[in-house]
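Enquirer: Sequence:
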Amino acid sequence: MRDASRPPRFGEDAANPPRPPRVLVVDDEPNIVDLVRMALRFHGFDVVTAATGQEALTRAAADQPDLLILDVMLPDADGFEVCRRLRADGAEVAVVYLTARDAHRDKITGLTYGGDDYITKPFAVEELIARVRAVLRRTRRPAPEPSPASGLLTYADVELDPDAHLVRRADQPVELSPTEFSLLRYFLHNPNRVLSRAQILAAVWDRDFDGEPTVVDQYVSYLRRKLGQHGPPLIHTQRGFGYALRAPAPAAGPGAAPEHSR
Numbered sequence: 000m001r002d003a004s005r006p007p008r009f010g011e012d013a014a015n016p017p018r019p020p021r022v023l024v025v026d027d028e029p030n031i032v033d034l035v036r037m038a039l040r041f042h043g044f045d046v047v048t049a050a051t052g053q054e055a056l057t058r059a060a061a062d063q064p065d066l067l068i069l070d071v072m073l074p075d076a077d078g079f080e081v082c083r084r085l086r087a088d089g090a091e092v093a094v095v096y097l098t099a100r101d102a103h104r105d106k107i108t109g110l111t112y113g114g115d116d117y118i119t120k121p122f123a124v125e126e127l128i129a130r131v132r133a134v135l136r137r138t139r140r141p142a143p144e145p146s147p148a149s150g151l152l153t154y155a156d157v158e159l160d161p162d163a164h165l166v167r168r169a170d171q172p173v174e175l176s177p178t179e180f181s182l183l184r185y186f187l188h189n190p191n192r193v194l195s196r197a198q199i200l201a202a203v204w205d206r207d208f209d210g211e212p213t214v215v216d217q218y219v220s221y222l223r224r225k226l227g228q229h230g231p232p233l234i235h236t237q238r239g240f241g242y243a244l245r246a247p248a249p250a251a252g253p254g255a256a257p258e259h260s261r
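Numbered by numbering that gives the first Met the number 0, the letters in the sequence shown go through residues 0 to 261 in order.
Keep in mind the hints are simulated off the structure, nothing from the lab. Keep in mind that a hint or two might mislead.
Have a look at the derived ranges for each label pair, beta carbon to beta carbon [as the list claims (entries may be wrong)]:
1) G150 with D101: 38 to 46 Å
2) P231 with G150: 20 to 28 Å
3) T57 with V193: 42 to 50 Å
4) D160 with A102: 33 to 41 Å
5) D75 with N191: 46 to 54 Å
6) N189 with A61: 36 to 44 Å
7) L34 with R192: 39 to 47 Å
8) A163 with P190: 20 to 28 Å
9) N30 with S220: 35 to 43 Å
10) R223 with E125: 29 to 37 Å
11) A155 with A102: 35 to 43 Å
Every residue gets a Cβ at the ideal spot worked out from N, C-alpha and C, and that includes glycine.
Make the full structure from the sequences, and use the hints.
Expert: Structure, rendered in C-alpha cells:
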C-alpha cells in the first residue's frame, strides 16, 4: 500500500485521478532550468527544481519525482555521485543526465552509476522531451497482470518479481537499475532465443535508439556482471547475431563423454 504521507507516483492507482509525471530538474544554471522547466510544463509535466546535489537528494526524497534531469557539474557534488547515492538508498526514480560533459568515458560512468539516458549540451528541447517520455515508458512499473499463479518470472536460478521490482539469483538479491531490470525481464520473456540488438532496443528502449550504438552491449555487460556475482554466466553472445539467455550446462560427471559445441 502506498504511504499516504507522500504524493502518488506517476501511474499509481489512487482514489483521485493520477497526477501528471513529476520531473525534478537539477542544474545550477538558471537559464537552463528556466528553459527546461518551461518546456516540460508546456508538455504537461509537473516540475520541481534543485540547484545543488544535496538539494537534489532532499527534494527527491520529499517530492517523489518520477524522473530526474540531472546535470553532472554541480557546485557541491557531481551528478554521478548524486545518482549513485540515489541508487544506494534504493530510489527507483529514472535519471536522465543533461550535461556539457560529452566524453565517452563520462557517458559510460553515468550509465554504470544507474542513469537511464545521457544527453549532452547543447541540446534540442524537442529531443529532450521525447527522450524523457521514452525513459518514463520503459522505467515506470507496469500494472499487475492477472495470472493463474504468481507473477514471478523464473529461469534457472534467477527470479524476477515485476510487482515488487525485485531480482534474486541463487536466493541472493541482485540490485539492478530500472533499465537493467527491463533488460533482464525481456531476456526472461525470451529464454533460449537469440535476440538481436535491434530487437532489444525496440523492446527495452521502446524506440529506435539514435545515440550510442553500443548501449545494448554496455547494458548487457552490466547485467552479466551483476548476475555473475552469484553464479555462472547466463547471457551468451551469439557473434554476428546478438545475445541469448541460456541456462548453464550441467557439470559432467566422471567418465562422461565431452560435449561438442555446435
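Enquirer: Does each hint fit the structure? Answer for all of them.
Expert: How the hints compare with the structure:
no., hint, result
1, G150 with D101: 38 to 46 Å, "holds, 41 Å"
2, P231 with G150: 20 to 28 Å, "holds, 26 Å"
3, T57 with V193: 42 to 50 Å, "holds, 46 Å"
4, D160 with A102: 33 to 41 Å, "holds, 37 Å"
5, D75 with N191: 46 to 54 Å, "holds, 49 Å"
6, N189 with A61: 36 to 44 Å, "holds, 39 Å"
7, L34 with R192: 39 to 47 Å, "holds, 44 Å"
8, A163 with P190: 20 to 28 Å, "holds, 21 Å"
9, N30 with S220: 35 to 43 Å, "holds, 37 Å"
10, R223 with E125: 29 to 37 Å, "holds, 35 Å"
11, A155 with A102: 35 to 43 Å, "holds, 38 Å"
Consistency with the previously given hints is maintained throughout, with no hint failing.
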